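A.B. asks: Residue numbers (the working numbering), protein chains in the order written: chain V, 10 to 154; chain R, 1254 to 1509; chain D, 1171 to 1276.
Honestly, the hints are just simulated from the structure, not real lab data.
Since this is a predicted model, take the numbers as computed values, not measurements.
It is possible that part of the hints are untrue.
[Unchecked claim] Here are the computed lysine-lysine pairs in the BS3-like style, where the Cα-Cα straight-line distance is at most 25 Å: (1) V:54 to D:1191; (2) V:123 to R:1292; (3) V:54 to R:1292.
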Amino acid sequence: MQRRVFLAGLAVTVLPCAAGATPDSMAAAIQEVTKGAALQPVRIKLDIPPLVENGNAVPLTVTVESPMSEADHVRAIHVFNEKNPQPHVFNAWLSPRNGRATISTRIKLADAQKVVAIAETSKGLFFTVSADVIVTIAACIEDIT
Amino acid sequence: MTALRFLFGLAAVFVASFALAQTDPRHSGYHDMGAALQKMQDDDTANPAMLFVQQGEPLWRQKAGTANKSCADCHHEAAATMKGVAARYPAIPKGADQPVDLEGRINLCRTENQQAPALAAESPELLALTAYVALQSRGQPISPPDDQRLTSFRERGAALYRTRAGQLNLACSNCHDDNAGKKLGGATIPQGHPTGYPIYRLEWQTLGSLKRRLRNCLVGMRTEAWDFTDPQYIALELYLMQRARGLALDAPAVRP
Amino acid sequence: MANVLVNAPKTARKGDVVEIKALILHPMETGYRAGTNGRLIPRNIIERFSATWNGVEIFRMDFSPAIAANPYVAFTAVATETGTIAFRWTGDENFAVEHQVPIQVT
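Isolated chain V (complex conformation) (with noise of 0.2 Å):
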């Protein structure tokens, strides 16, 4: 993963820094994961709030039908933004071991946008599904000064 460094310069407010990620990169990073195979729009869900009233903490639960046997099992969930400053948000390995392919955790996203999941099967298979969250936020915040 490429850490890149902005210079804002511009946003001096607790708003997170303006536009990094975009679609395409969204599209680049997607296509480092599967290598071009063919992502088929079945078997796994997001949940996530279609509004959200701060972006500092989305809650996200990510869950892949799968057997989670040795034979057929999810080996991977990668999670994906479009207007971050960046455009990965998690990968996540996992294993029969796992019993079931569910993840839970919280995110941050700058702005109204879309995100999107993308399981790894063990038989090469990629499932994917996406979401749009409107991002608001509260009236009166604190500015850092």
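Given the structure of chain V, go ahead and fit chains R and D onto it with the hints provided.
C.D. replies: For chains R and D alone, kept in the frame of chain V given last:
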């Protein structure tokens, strides 16, 4: 008292509180949040505020100051002795004539009883102790004390609540009385009842006190934010607690 | 000692799928925020979280700056045998925290 009488009494209480709930237009900001944030608050194994409560427990037992005393040395088990405490602050401590909030009361114990230095405002230790103490009142109704000396302070707070100030010429009441429930830039305006403090505010990405939150309001109104030691905060808190009397404490809460 | 809140059952039946939750205090500073002087606050995040059951890895997660502060992760694991579930968080500024919980499997 026979079992039957007890059951009747219980039923009467239920009917009365149910009826009151139907007619009371006040509610905690918990109900203005989406389901995902409510779930975050309800689950003690997932509520980030619990990280601070967890730090508070050992602090309660830790000996401090030249008196080498811990909170537990005088107050024993917090679950028993601190029940209801957070629900009745701010209050005037014994031998004093000015009200203090819960953080102020904890610091009085630090300096007077433990002979230890006061904990800095919004410091991790003070927040942890406040969160731990406030947790013991979870579910308790907000019960401002029946102390006549508080009246003048409370009235000052009520006046502050209604005074327009700042570049936007807004008073607290303009948003939280006149427009509560409506949207301001996509966010629902809460009624502003301090039921959940100290709160894990997503905006801060950490736990914070009611004072800190009120300070955010002053900044949001584009007026001069009072210094942390300003007694106007206590006056305002007194008024807010009176305004919220009877509502159940849901500390430590999660809020956006 | 870092502040960690882990929730896992103390007992389970062999073959049960148990839920494990882990919360840790950490600022997860993204590196994209500007401070009061207009300069960017340096990145300081947890980069990796992993869990093992009696030494066998059962879960691993790479965090990015997009994971929220005070990171929370919940996942599941099959109860195989009695022993220890160990957690490890590593990241920027030589951050390394370990935590263990015992579990009895019958």
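A.B. asks: Evaluate each hint against the coordinates.
C.D. replies: Evaluation of the provided hints:
For the hint linking residue 54 (chain V) to residue 1191 (chain D), the alpha-carbon distance of about 20 Å falls within 25 Å, and the restraint holds. Restraint check for residue 123 (chain V) and residue 1292 (chain R): the C-alpha separation of about 23 Å stays at or below 25 Å, so the hint holds. Of the supplied pair hints, the one linking residue 54 (chain V) and residue 1292 (chain R) holds, its CA atoms being roughly 19 Å apart against a limit of 25 Å.
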